[in-house]
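Novice: If you're matching them up, the sequences are chains P and S in order.
To convert, note that position 62 of the first sequence is 62 in UniProt numbering; the numbers rise steadily by one, no gaps.
To convert, note that position 230 of the second sequence is 230 in UniProt numbering; the numbers rise steadily by one, no gaps.
A couple of the hints might just be wrong.
Given that identical chains are not distinguished, each listed pair holds provided it fits within a single copy or across any two copies.
Stated by the list, open to error - Below, a list of computed lysine-lysine pairs in the DSS-like style, where the Cα atoms sit at most 25 angstroms apart:
hint, residue 1, residue 2
1, Lys161, Lys279
2, Lys290, Lys279
3, Lys290, Lys228
4, Lys157, Lys290
5, Lys37, Lys13
6, Lys279, Lys157
7, Lys13, Lys75
8, Lys279, Lys228
9, Lys51, Lys228
By construction, these hints were calculated from the structure, which means they are not laboratory data.
Next come the chains, spelled out residue by residue.
Number of protein chains: 2
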Amino acid sequence: MTVPETMNALILKGHGLSGSRSGAAIDTLEPYLDYGKLPVPRPGPGEVLVKVRMASVNPSDLYFIKGEYGQPRVKGAAAGFEGVGQVIAGNGLYAAYLKGKRVAFVGGAAGSGAWAEYIVVSAATCVVIRPAMRDEDAAGHVVNPVTAWTMFDIVEKSGSKSFIFTAANSQLGKLIAGLARDKNCAMIAIIRNESQAAHLEELGAKHVLVQSDPEFGAKLAALCKTDKPRILLDAVANQVAADIFTAMPARARWIIYGKLDTEEPSLREPGQFIFMDKKIEGYWLAQWFKRASIIEKLRTLRAVQNRFISGKWRTEVVATIPLSEALVKLPAALRTGDGKVMLTP
Amino acid sequence: MTVPETMNALILKGHGLSGSRSGAAIDTLEPYLDYGKLPVPRPGPGEVLVKVRMASVNPSDLYFIKGEYGQPRVKGAAAGFEGVGQVIAGNGLYAAYLKGKRVAFVGGAAGSGAWAEYIVVSAATCVVIRPAMRDEDAAGHVVNPVTAWTMFDIVEKSGSKSFIFTAANSQLGKLIAGLARDKNCAMIAIIRNESQAAHLEELGAKHVLVQSDPEFGAKLAALCKTDKPRILLDAVANQVAADIFTAMPARARWIIYGKLDTEEPSLREPGQFIFMDKKIEGYWLAQWFKRASIIEKLRTLRAVQNRFISGKWRTEVVATIPLSEALVKLPAALRTGDGKVMLTP
Chain P
1 MTVPETMNAL ILKGHGLSGS RSGAAIDTLE PYLDYGKLPV PRPGPGEVLV KVRMASVNPS
61 DLYFIKGEYG QPRVKGAAAG FEGVGQVIAG NGLYAAYLKG KRVAFVGGAA GSGAWAEYIV
121 VSAATCVVIR PAMRDEDAAG HVVNPVTAWT MFDIVEKSGS KSFIFTAANS QLGKLIAGLA
181 RDKNCAMIAI IRNESQAAHL EELGAKHVLV QSDPEFGAKL AALCKTDKPR ILLDAVANQV
241 AADIFTAMPA RARWIIYGKL DTEEPSLREP GQFIFMDKKI EGYWLAQWFK RASIIEKLRT
301 LRAVQNRFIS GKWRTEVVAT IPLSEALVKL PAALRTGDGK VMLTP
Chain S
1 MTVPETMNAL ILKGHGLSGS RSGAAIDTLE PYLDYGKLPV PRPGPGEVLV KVRMASVNPS
61 DLYFIKGEYG QPRVKGAAAG FEGVGQVIAG NGLYAAYLKG KRVAFVGGAA GSGAWAEYIV
121 VSAATCVVIR PAMRDEDAAG HVVNPVTAWT MFDIVEKSGS KSFIFTAANS QLGKLIAGLA
181 RDKNCAMIAI IRNESQAAHL EELGAKHVLV QSDPEFGAKL AALCKTDKPR ILLDAVANQV
241 AADIFTAMPA RARWIIYGKL DTEEPSLREP GQFIFMDKKI EGYWLAQWFK RASIIEKLRT
301 LRAVQNRFIS GKWRTEVVAT IPLSEALVKL PAALRTGDGK VMLTP
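Extracted from the complex, chain P is given alone in its bound form (with noise of 0.2 angstroms):
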């Protein structure tokens, strides 16, 4: 396959930190990306280029290119972390190994991205994916699925038979609602508003409490007497999500993995963390990819695509939007909020 000198791609406008914070939400990709020409990467020592078939939008990727994630932009380089696509060229034995399979792969903070034709990532850390796996699952492989695998590995560890979710509708929050079915954990799913509800009963949530119900903080804590949940999984860390921290039982942890609301949160019992042994802590995926051996990252993987591939978990696209018309299209179909955009070269 010849490659070309050039490539399309979604360009980063900003650079470094915005020092901003308004939260994932987007109305417009105009202040953050440009779509636009830019050289084809070349991979450096260990490295391989992967042709794109298919990228996916994460609540991180927004957060990166407004310049509110953990890791600095770099002015110019393509946006997006993850996709799945096929290796074209690389250095090393395990790029020679990889080259002309389809793979999954997490790469863009360091320069090249995953909105673009093609992109540069480390070998190391492709993973090979299976033909029974649909791109679909395949492009959003590794940072939702193995954070919900890994974030519910904790709540299976702690002991506890039940857990809180905050904003369960996202796609974390559906495929989290089936492992806990099967698990036989009671997974007590937050959401802002009922038209999930019962999707996500159906896929594997025992308790659907919603924020605009009167009964809400009633319902609440009657669960959290029956039910004694010690884990909430939390992507919001606004003062629901505190409140949600203060109503549970001795000894609840809660892990914050995300921040989509800018409110402060205000601690009301900090006495609780005294007589109550409760915690806060913070939950990432690219900690956790650090910390783990190769034998846990292998299995979780495994396990991963086990689960995709049998159908037990699937992802739900609601728009796949061709990178030429994502300035246009992308805020839109992100609004609808009820399922993962994909962008496709």
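Fit chain S to the given chain P structure using the hints.
Specialist: Quick look at chain S alone, frame taken from chain P:
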């Protein structure tokens, strides 16, 4: 020794928890305590009767009598958690061994208090005091010194070569300053006003920061860079503490062991839990006693006594007040804030 039928005591007027949150400050004792007569309590199985020689006044006592501590009050019972006295009678083998000995004790919550001429406590929780130890050191022998010792142990085990300590002019702050210096660990002591700054440095604090200093924020930021403190031991749990935690480097742990301020702290940067692996947790001595092995407890108590006997620790007493005068004199003595107040029958 003949034991009388009745005794003098400071008696709780309130019952259970008050639901209020006014903090440790106390202007007058009248709403909370009566000075009067109670029957001398009788030891049950495994318990001893102790003739109190001296009782200490800790912040936890003040929270407790106001109904703001983690444990409910018993109306009509004597107040006071901690003291030193002589074992007069008891039930069981260990009680027989203790008879006649001078012991330090912690009791109080269940109905028999230390602010009285006699107290009944579990024999197992009594600590035999060696003759070389002063009553002033023995009376406050468990709550503060063991807390200081075990909290400093958290710092040591964390591997951090420095830590931040709020409300550092407390007895706890003074005790931990010496431990820090001896173990070559940099204590960054935070105090509200300058009066105790030189004394804290003399006791072992490497840096003393005064909150009213206009340069407070800049100095703290500089120390966070040079000394990289990863542990915040905090008795205040207010916005200043939350902002100190935000200024601390990655992997910082905010360990709350008291709630001196009634303000609700806001978490300004919840993203730090995710990207910087920060944590909030609590510390409660009662929990430590529950979890530590007997060996660990004995080793700790022996180490604490040795430190007092060797003169490395010395309880700074600002007032010793007879029970009969406590209602009048205790609030004023507490307001000096620069040392311990003791009560004697």
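Novice: Look at each hint and say if it fits the structure.
Specialist: Going through the hints against the structure:
no., hint, in the structure
1, Lys161 - Lys279, "both (18 angstroms within a copy, 23 angstroms between copies)"
2, Lys290 - Lys279, "both (23 angstroms within a copy, 18 angstroms between copies)"
3, Lys290 - Lys228, "between (32 angstroms within a copy, 22 angstroms between copies)"
4, Lys157 - Lys290, "both (19 angstroms within a copy, 22 angstroms between copies)"
5, Lys37 - Lys13, "within (13 angstroms within a copy, 79 angstroms between copies)"
6, Lys279 - Lys157, "both (16 angstroms within a copy, 19 angstroms between copies)"
7, Lys13 - Lys75, "within (6 angstroms within a copy, 68 angstroms between copies)"
8, Lys279 - Lys228, "both (16 angstroms within a copy, 22 angstroms between copies)"
9, Lys51 - Lys228, "neither (48 angstroms within a copy, 44 angstroms between copies)"
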